[in-house]
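J.: Heads up: the sequence lines are chains A and B, in that order. Mind the numbering: the first sequence is residues 1 to 147 in the working numbering, read in order. Mind the numbering: the second sequence is residues 1 to 82 in the working numbering, read in order.
The hints are simulated quantities; they were obtained by calculation from the structure and are not laboratory data. The beta-carbon is built from N, C-alpha and C at its ideal position, and this holds for glycine as well. Don't take every hint at face value.
[Claimed, not checked] Per the computed footprint, the stretches of chain B lying under chain A, defined by three or more beta-carbons under 8 Å from a beta-carbon of chain A, are:
hint, stretch
1, 26-39
2, 52-63
[To be verified] Just a sample of chain A residues kept apart from chain B, beta carbon distances all over 12 Å, derived:
hint, residue
3, Ala18
4, Arg23
5, Thr24
6, Val29
7, Ala40
8, Thr56
9, Asp113
10, Pro120
11, Asp140
12, Ser145
13, Arg146
[Said to hold, decoys possible] Short derived list, chain A residues pointing at chain B, Cβ under 8 Å:
hint, residue
14, Gln6
15, Arg46
16, Met55
17, Met92
18, Leu115
19, Arg118
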Amino acid sequence: MTVRVQEEPFDFGVEANAFATGRTDAGAVVTFTGIVRDLARGDLDRMVIEHYPGMTERALEKIEADARARWDLRDVLIIHRYGAMGPGDMIMMVATASPHRVDAFEAAEFLMDFLKSRAPFWKKEITQSGEEWVASKAEDEDALSRW
Amino acid sequence: MVDVLYFAWVRERIGLPKEQVETSAATVRDLVAELCAREERYAAAFADLDSLRVALDQDLTDFDAPLAGVREVAFFPPMTGG
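Please build the complete structure, drawing on both the sequences and the hints.
T.: Next up, the structure:
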């Protein structure tokens with residue numbers, strides 16, 4: 001079980017391979033990757049992610065422990081970046097390993113739903129014409145109720 | 001004395017990331033009232049508590065939570081991770 005909060009980029013292929021390779025206990029690995037999406041106008045210069053050092057790690061570890069209590073998971077990986085990144089850059093990834101795919105898929109969705117609105121990260125979008133904090137969406141909060 | 005931390009637009013509106021506050025406030029809501037009475041920038045940041053979240057010693061809680069024994073209070077907007 002690994003939680004990493006880091007400024008530097010990560011190599012999705014390397015991480016996914018390392019996570020999935022050499023397992024005999026898990027028949028299913030699911031990965032999700034979040035990528036910086038350009039704005040509809042196509043003018044996103046960069047995204048800056050702020051976080052709350054200390055609480056971030058605590059929150060992610062709690063979300064991960066909740067997922068492990070609920071599904072049959074043999075391993076979990078959460079990587080989340082902070083700092084400045086450009087359109088197309090990878091922000092974060094989660095990976096889940098389970099004997100069965102339903103557990104791996106559901107746990108990955110659960111991790112993502114809670115990570116979006118319960119881990120202390122804040123995104124700011126910066127364009128030539130200014131900067132704006134990304135507003136949270138009601139649907140992200142609603143998504144938690146299905147769990 | 002408690003450490004009070006601000007993040008994202010709350011930090012920008014108040015103009016600092018962290019400060020030490022001498023307070024005898026019983027709850028988070030009381031602490032917010034004390035801060036708002038200080039200066040307009042606090043009142044501006046805390047104008048709509050529904051748009052804010054609070055953590056005590058790095059655990060999310062609500063504005064009616066008691067402050068007794070708390071060392072670190074953090075105010076921030078709803079989170080936007082992932």
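J.: Per the CB criterion, is A:Gln6 less than 8 Å away from chain B?
T.: violated, 14 Å
J.: Is the Cβ of A:Arg146 more than 12 Å away from each Cβ in chain B?
T.: A:Arg146 is indeed farther than 12 Å from all Cβ atoms of chain B, at 16 Å.
J.: Looking at A:Thr24 again, its CB stays over 12 Å from all of chain B?
T.: Holds, because the least Cβ-Cβ distance between A:Thr24 and chain B comes to about 31 Å, which exceeds 12 Å.
J.: So, A:Arg46 near chain B? Judge it on the closest CB pair being under 8 Å.
T.: Hint on A:Arg46: violated, closest Cβ of chain B at ~16 Å, above 8 Å.
J.: Find the nearest Cβ of chain B to the Cβ of A:Ala40 and say whether that gap is larger than 12 Å.
T.: holds, 18 Å
J.: Per the coverage rule (Cβ-Cβ under 8 Å, at least three residues), is the stretch 26-39 of chain B covered by chain A?
T.: violated (count 0)
J.: Verify this label for me: A:Ala18 is non-interface relative to chain B, using a Cβ-Cβ cutoff of 12 Å.
T.: The claim holds: A:Ala18 sits with its nearest Cβ about 22 Å from chain B, beyond 12 Å.
J.: Tell me if A:Met92 is really an interface residue toward chain B, meaning its C-beta lies closer than 8 Å to one of theirs.
T.: Status holds, d = 6 Å.
J.: For A:Asp140, is the shortest beta carbon distance to chain B beyond 12 Å?
T.: violated, 8 Å
J.: Quick check on A:Leu115 please, does its C-beta sit within 8 Å of some C-beta on chain B?
T.: Given a least distance of 5 Å, the restraint on A:Leu115 holds.
J.: Can A:Met55 be said to touch chain B, with a Cβ gap under 8 Å?
T.: Result: holds, 4 Å to nearest chain B Cβ.
J.: Do three or more residues of the stretch 52-63 of chain B come closer than 8 Å to chain A, measuring C-beta to C-beta?
T.: holds (count 4)
Violated hints for the displayed structure, listed by number in ascending order: 1, 8, 9, 10, 11, 14 and 15.
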